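Trainee: Sequence:
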Amino acid sequence: MALKYSRQREAIKDFLATRKDHPTADVVYMEVRKEFPNISLGTVYRNLTLLAELGEISRISVGDGVDHFDPNAKPHYHFICRTCGRVIDLEMADFPELREKAEECFDGVISGSFTYFYGTCGSCTRKTLS
Numbered sequence: 108m109a110l111k112y113s114r115q116r117e118a119i120k121d122f123l124a125t126r127k128d129h130p131t132a133d134v135v136y137m138e139v140r141k142e143f144p145n146i147s148l149g150t151v152y153r154n155l156t157l158l159a160e161l162g163e164i165s166r167i168s169v170g171d172g173v174d175h176f177d178p179n180a181k182p183h184y185h186f187i188c189r190t191c192g193r194v195i196d197l198e199m200a201d202f203p204e205l206r207e208k209a210e211e212c213f214d215g216v217i218s219g220s221f222t223y224f225y226g227t228c229g230s231c232t233r234k235t236l237s
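The sequence shown lines up with residues 108 to 237 when you count with the numbering used here.
I should point out that these hints are in silico values taken from the structure, not numbers from a laboratory.
Computed from a predicted structure; not experimentally measured.
Check each hint, because a few of them may be wrong.
Result set (BS3-like, lysine-lysine): computed pairs, CA atoms no more than 25 Å apart in a straight line [stated by the list, open to error]:
#1 Lys-208 - Lys-181
#2 Lys-141 - Lys-111
#3 Lys-141 - Lys-120
#4 Lys-208 - Lys-120
Throw the hints in and build the complete structure from the sequences for me.
Mentor: In C-alpha cells, the structure reads:
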C-alpha cells in the first residue's frame, strides 16, 4: 500500500531529525504548530504512531509515563537521567553478551530492541554538588 504524502508528516519527521533529546508528542506538537497552526495534537500522535509502525522513527518508553520519539530507528543504547528525565543516545558498540544473557534468562529470542541505562546525568550531578 502506497502512503499518501503529507506535508504535516514531513514536518514532523524534519523536526525530529533536528533533535537529539527524544521529544515527547507534546513537544513535537508545539514545534510543528508554528508551521501548521491548525494541526491538532491528535494528528501529531497519529503521524508519530504511523512513522514508528513504518520503522522510520522509534517510539521509546523510558518509565516516565509518556512516549518519547527518536529519529534513529536502529537499535541502540540510551541513558535516562533519574533526576531530570533527560534521554541521551549512547554511542557505544553492541554487546552481544547482553543479548545472549537476556535470551538465556528469558528463554526466547530478542531482536531489534533498545537498551536503557539509568543514572544521574552530568548536569544534575553538578547541580547537586554546587
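Trainee: All hints, please: hold or fail.
Mentor: Comparing the hints with the structure gives:
1. Lys-208 - Lys-181: Judged against 25 Å, a Cα distance of about 21 Å means the pair holds.
2. Lys-141 - Lys-111: holds (23 Å)
3. Lys-141 - Lys-120: holds (15 Å)
4. Lys-208 - Lys-120: violated (35 Å)
Violated hint: 4 only; the structure is consistent with all others.
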